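Produce the complete structure using the sequences and hints provided.
Here the protein sequences come in this chain order: A and B. The first sequence runs 1 to 117 under this note's numbering. The second sequence runs 1 to 114 under this note's numbering.
For the record, the hints were derived by calculation from the structure and aren't laboratory data. Do not rely on the hints blindly, as some may be mistaken.
[Stated by the list, open to error] Cβ pair distances, simulated, as ranges:
1. Pro70(A) to Ala1(B): 29 to 37 Å
2. Glu53(A) to Ala17(B): 43 to 51 Å
3. Val29(B) to Arg57(A): 30 to 38 Å
4. Leu39(A) to Ala17(B): 23 to 31 Å
None of the values given here were measured: they were computed from a predicted structure. Even glycine gets a Cβ: it sits at the ideal position worked out from N, Cα and C.
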Amino acid sequence: ETGVTQSPTHLIKTRGQQVTLRCSSQSGHNTVSWYQQALGQGPQFIFQYYREEENGRGNFPPRFSGLQFPNYSSELNVNALELDDSALYLCASSPRTSGGASYNEQFFGPGTRLTVL
Amino acid sequence: AQSVTQLDSQVPVFEEAPVELRCNYSSSVSVYLFWYVQYPNQGLQLLLKYLSGSTLVKGINGFEAEFNKSQTSFHLRKPSVHISDTAEYFCAVSIRGGADGLTFGKGTHLIIQP
Chain A
1 ETGVTQSPTH
11 LIKTRGQQVT
21 LRCSSQSGHN
31 TVSWYQQALG
41 QGPQFIFQYY
51 REEENGRGNF
61 PPRFSGLQFP
71 NYSSELNVNA
81 LELDDSALYL
91 CASSPRTSGG
101 ASYNEQFFGP
111 GTRLTVL
Chain B
1 AQSVTQLDSQ
11 VPVFEEAPVE
21 LRCNYSSSVS
31 VYLFWYVQYP
41 NQGLQLLLKY
51 LSGSTLVKGI
61 NGFEAEFNKS
71 QTSFHLRKPS
81 VHISDTAEYF
91 CAVSIRGGAD
101 GLTFGKGTHL
111 IIQP
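What follows is the structure, given as structure tokens:
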């Protein structure tokens with residue numbers, strides 16, 4: 001069973017640029033969540049996708065957007081990068097059962113380290 | 001909105017000693033509770049979770065946690081730590097029945113001293 005994978009592992013961008021991060025969910029998982037983890041902080045919830053639609057969103061501006069594909073993989077897009085966007089971006093997948101999205105364990109990928117100069 | 005407070009940013013402990021990592025939460029609705037561990041340069045791994053039922057929850061690697069509703073706490077404990085337990089530990093909550101993701105605390109760095 002393959003776990004959650006993310007690409008790339010590291011990325012350097014300059015302020016104002018756009019970036020796309022990718023995530024492949026664990027086999028059998030249909031829900032994907034994205035988190036931003038700044039240095040020395042806990043992860044912060046960006047948004048969640050289920051059945052290719054955004055299913056919940058944290059306190060992030062619209063320049064953070066995403067997609068989920070029919071195979072449940074996902075992308076996180078960030079436009080107009082700012083210095084404060086430098087962080088580890090974590091993707092997590094989970095199965096959607098009758099208990100609901102919040103009930104199930106989320107399985108995390110290793111993350112993409114984004115540096116904005 | 002819910003929030004999580006981890007009272008200690010760092011906890012140094014000698015090897016084979018017991019440890020407790022503290023977590024308090026605030027929420028106006030019922031929540032599920034989780035503890036995750038993050039080793040250097042890795043993603044997060046679930047240690048244990050409380051959904052309902054017995055307030056004492058046992059997890060992987062010898063960790064356990066106790067849910068205390070009156071004190072809104074979910075402290076993590078291990079009776080005897082090992083060097084390999086050195087890592088960052090995160091307490092998290094999610095809203096029952098909600099579509100939102102996990103709300104994490106700022107983390108506690110567990111430092112095991114030989």
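So which of those numbered hints doesn't the model satisfy?
3
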